[in-house]
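Chemist: As they're listed, the protein sequences go chains A and B.
According to full-length UniProt numbering, the first sequence is numbered sequentially starting from 1.
According to full-length UniProt numbering, the second sequence is numbered sequentially starting from 1.
Mixed in with the good hints, there may be bad ones.
Unchecked claim - Some but not every residue of chain B turned toward chain A, in silico, with C-beta under 10 Å: (1) L52; (2) G93; (3) Q97; (4) S102; (5) E115; (6) R119; (7) A170.
Treat the hints as calculated values from the structure; they're not laboratory data.
These numbers come from a predicted model, not from an experiment.
Cβ atoms here follow ideal geometry from the backbone N, Cα and C, with glycine treated the same way.
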Amino acid sequence: MGATGVVRRTVAAGPPGDAQRGERERKHRLSGALPGGAHGFPQTTEDSGLLRYTVRRLGQLLIVTVVLSVLLFGWLRALPGGPVSALLGERATEESRARLVEQLGLDQPLYVQYWKFLGRALTGDFGVSTGVQPGTPAMEVFLQRMPATLELSVLALLLAVAVGIPLGYLAARRQGGWLDNLSITWSLIGVAVPVFFLAFLLKYVFAIEFGVLPASGRQEAGLDATHATGFYVLDGLLTREWDAAWNAFVHLLLPAVALSTIPFAVIFRLTRASVLDVVEEDYVRTARSKGLGAMVVRGRHILRNAMLPVVTTIGLQTGALLSGAVLTEQVFNIAGLGQALSLGFQRQDYAVLQVVILATAMVYVLVNLLVDLAYAAIDPRLRTR
Amino acid sequence: MALLEVRDLSVRFVRRHEPTVSAVDGISFDVHPGSTVGLVGESGCGKSVTSLAIMGLLPQRGTEVSGSAKLAGSELLRLSRREFDRRRGKEIGMVFQDPLTSLNPVVPIGVQISEVIERHRGLSRRDAKREAARLLDRVGIPDPTRRLGEYSHQLSGGMRQRALIAMALACEPRLLIADEPTTALDVTIQAQILSLLRELVAETDTALIMITHDLGVVAGMCDEVNVLYAGRIVERAQRHELFSRPRHPYTAGLMASVPRLDSPRGQRLAPIDGSVADNIPWERGCAFSPRCGNALAVCGQRAPELETTDAGEQLRCHNPVDATETVERADD
Numbered sequence: 001m002g003a004t005g006v007v008r009r010t011v012a013a014g015p016p017g018d019a020q021r022g023e024r025e026r027k028h029r030l031s032g033a034l035p036g037g038a039h040g041f042p043q044t045t046e047d048s049g050l051l052r053y054t055v056r057r058l059g060q061l062l063i064v065t066v067v068l069s070v071l072l073f074g075w076l077r078a079l080p081g082g083p084v085s086a087l088l089g090e091r092a093t094e095e096s097r098a099r100l101v102e103q104l105g106l107d108q109p110l111y112v113q114y115w116k117f118l119g120r121a122l123t124g125d126f127g128v129s130t131g132v133q134p135g136t137p138a139m140e141v142f143l144q145r146m147p148a149t150l151e152l153s154v155l156a157l158l159l160a161v162a163v164g165i166p167l168g169y170l171a172a173r174r175q176g177g178w179l180d181n182l183s184i185t186w187s188l189i190g191v192a193v194p195v196f197f198l199a200f201l202l203k204y205v206f207a208i209e210f211g212v213l214p215a216s217g218r219q220e221a222g223l224d225a226t227h228a229t230g231f232y233v234l235d236g237l238l239t240r241e242w243d244a245a246w247n248a249f250v251h252l253l254l255p256a257v258a259l260s261t262i263p264f265a266v267i268f269r270l271t272r273a274s275v276l277d278v279v280e281e282d283y284v285r286t287a288r289s290k291g292l293g294a295m296v297v298r299g300r301h302i303l304r305n306a307m308l309p310v311v312t313t314i315g316l317q318t319g320a321l322l323s324g325a326v327l328t329e330q331v332f333n334i335a336g337l338g339q340a341l342s343l344g345f346q347r348q349d350y351a352v353l354q355v356v357i358l359a360t361a362m363v364y365v366l367v368n369l370l371v372d373l374a375y376a377a378i379d380p381r382l383r384t385r
Numbered sequence: 001m002a003l004l005e006v007r008d009l010s011v012r013f014v015r016r017h018e019p020t021v022s023a024v025d026g027i028s029f030d031v032h033p034g035s036t037v038g039l040v041g042e043s044g045c046g047k048s049v050t051s052l053a054i055m056g057l058l059p060q061r062g063t064e065v066s067g068s069a070k071l072a073g074s075e076l077l078r079l080s081r082r083e084f085d086r087r088r089g090k091e092i093g094m095v096f097q098d099p100l101t102s103l104n105p106v107v108p109i110g111v112q113i114s115e116v117i118e119r120h121r122g123l124s125r126r127d128a129k130r131e132a133a134r135l136l137d138r139v140g141i142p143d144p145t146r147r148l149g150e151y152s153h154q155l156s157g158g159m160r161q162r163a164l165i166a167m168a169l170a171c172e173p174r175l176l177i178a179d180e181p182t183t184a185l186d187v188t189i190q191a192q193i194l195s196l197l198r199e200l201v202a203e204t205d206t207a208l209i210m211i212t213h214d215l216g217v218v219a220g221m222c223d224e225v226n227v228l229y230a231g232r233i234v235e236r237a238q239r240h241e242l243f244s245r246p247r248h249p250y251t252a253g254l255m256a257s258v259p260r261l262d263s264p265r266g267q268r269l270a271p272i273d274g275s276v277a278d279n280i281p282w283e284r285g286c287a288f289s290p291r292c293g294n295a296l297a298v299c300g301q302r303a304p305e306l307e308t309t310d311a312g313e314q315l316r317c318h319n320p321v322d323a324t325e326t327v328e329r330a331d332d
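Construct all of the structure, not just a fragment, from the sequences and the given hints.
Modeler: Here you go:
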């Protein structure tokens, strides 16, 4: 019954209490009434159900992308100014302006422009950058810059998960203790302090005052490093240029810490609330009554259940990472997608903005699809009903 | 020698900024191998807390446990958590009230049974799985091998409780504690689960502590019955004696409030007046006296002691129901 059984559990930062559990069960009942739900034969329909669900979600992805592309197209062109002013400046002659407008095809009606854009986009041609890297195809700009952002976001997310989940567990088990209070305060600061401010602060303290970490860039300029994939850490590891890999990693640290604060805070708070909820459950008492070791009770019985809402949240944090990257890349001068976005807006580079925003939106939707599938893998109630 | 000797067990919940609550107040009882002892009383009388104290499952913070509970001569109450984990599940098994919430929703039933076997009997994963299937078969779950891979939401209420019983009995414990094992089940399933418990206990000579508020369960299961009120035992008797002539007004009230097939038609049930909220602390007198129809002046001044009557049962009452009288019933 997986097709209609996989249900997104929307989770606010508060403790997932009875209300949410009730909500989830209600959704189950609703979804059970939808056509396509096979009842009574959970084992045989499980896989095809998940497959059907995935296909449907991919269809949704297509619709989201098309709608977003229309909105984005009109919205960018509604902004004051435009690439012509950005390129030629205020004192350009009418003649040169007209020539450029014609060259860029901006004299045609919007729907014609959109139609042409769509046709080319389907072949992977998103036009040529006018402002970020003038003359370079926008797709190429995207592909060049994507690894930097991905590297940064993945490390930031890893940090947030690797610190947030264990700390959330420990804080919950020692509720009201010093560790609990300290990490709650810390996570509050993490959410409350703007990312760019924290980024500047980190940079000032660790790069400038103490000089222990590099202040900007992705790798030391003089370093003779091979870049095969564009992921600098990975490149160094693949080519066995250990110092290059280490250098790139060290460059990533400060921006990744700055970027990870909000996802860390959210993951930590939710893990803590969720663990507090789960340790009160009867099945944890049952597990203890069986005399199972502390490790089994913790891993199999507490964390496995407590992780359910956290998994969903991790997917939603992709959004925070992508928007945070804009600010972090700016502060640490990293030539990634975030920087391309802010440059693109300054210079009204329609082509680059369109490809970057559409691609990030698709990534967001895809990541959340993966998260939902992971959720179904952990929670059998969503697979079979 | 008794298998389990509970002596003067007290449990107090200490909360900051709140008065200390005495949930269990000096309870003593014995459980002999192969016998079934009932702990009976209404919600909040301390019966579940007693069992959780014996199992070491009370929260460590804010709980004061005193007294003694010896299993086969060795003290349980002063075990560390790790020492307890070596004995729980192995020497004492426990079946809980609500089988739906007592099973882990995201772990297959088979794993939840075999984990306890692996832990205490040192069997390999494969052997433990085979043993788990055997246990499921033993508690009457059809097609056990398939059920091993299923989750609690795929089982019916009765099957869930059977699975929990299989878990509790997986290591053939000498003592089984069943805390209201049938409360959350349909009536027809209740009867099945009770007869299963009775059968298993008789077969393996396991001692059973039956915690319940249901006198029907007591009548069907228990050899000896302890009636609890406000954390103390107010009456202890063999099942037959207790039902034929309850001495404590509270016990008598409990029995009068249960419908009986042999009572005349149209006769109203007689509930016990008031609620536990009316209790007075034992330090000031008998906790039950504000609700008691037999209360004398002395009842509100001095708490009665648990004393042995001429008939050999134990009673905590200044003015018990007359032994020759039949159970009082309210007539309209």
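Chemist: Hint B/A170 vs chain A: min CB-CB distance below 10 Å?
Modeler: Check passed: Cβ of B/A170 comes within 8 Å of chain A, closer than 10 Å.
Chemist: Go through the hint on B/G93 and say holds or violated, using the shortest Cβ distance to chain A against 10 Å.
Modeler: 8 Å, holds
Chemist: Should the hint that B/R119 touches chain A count as held when the rule is a Cβ pair under 10 Å?
Modeler: B/R119 check passes; min Cβ-Cβ to chain A is 6 Å, inside 10 Å.
Chemist: Under 10 Å is the threshold here; is the Cβ of B/S102 close enough to any Cβ of chain A for the hint to stand?
Modeler: 4 Å, holds
Chemist: Under the criterion of a CB-CB separation shorter than 10 Å, is B/E115 in contact with chain A as hinted?
Modeler: At about 6 Å, which falls below the 10 Å cut-off, the nearest Cβ of chain A leaves the hint on B/E115 intact, so it holds.
Chemist: Taking the closest Cβ pair, is B/Q97 under 10 Å from chain A?
Modeler: 8 Å, holds
Chemist: Close enough to count: is the Cβ of B/L52 nearer than 10 Å to one in chain A?
Modeler: Since chain A brings a Cβ to about 8 Å from B/L52, closer than 10 Å, the hint holds.
Of the numbered hints stated above, none is contradicted by the structure.
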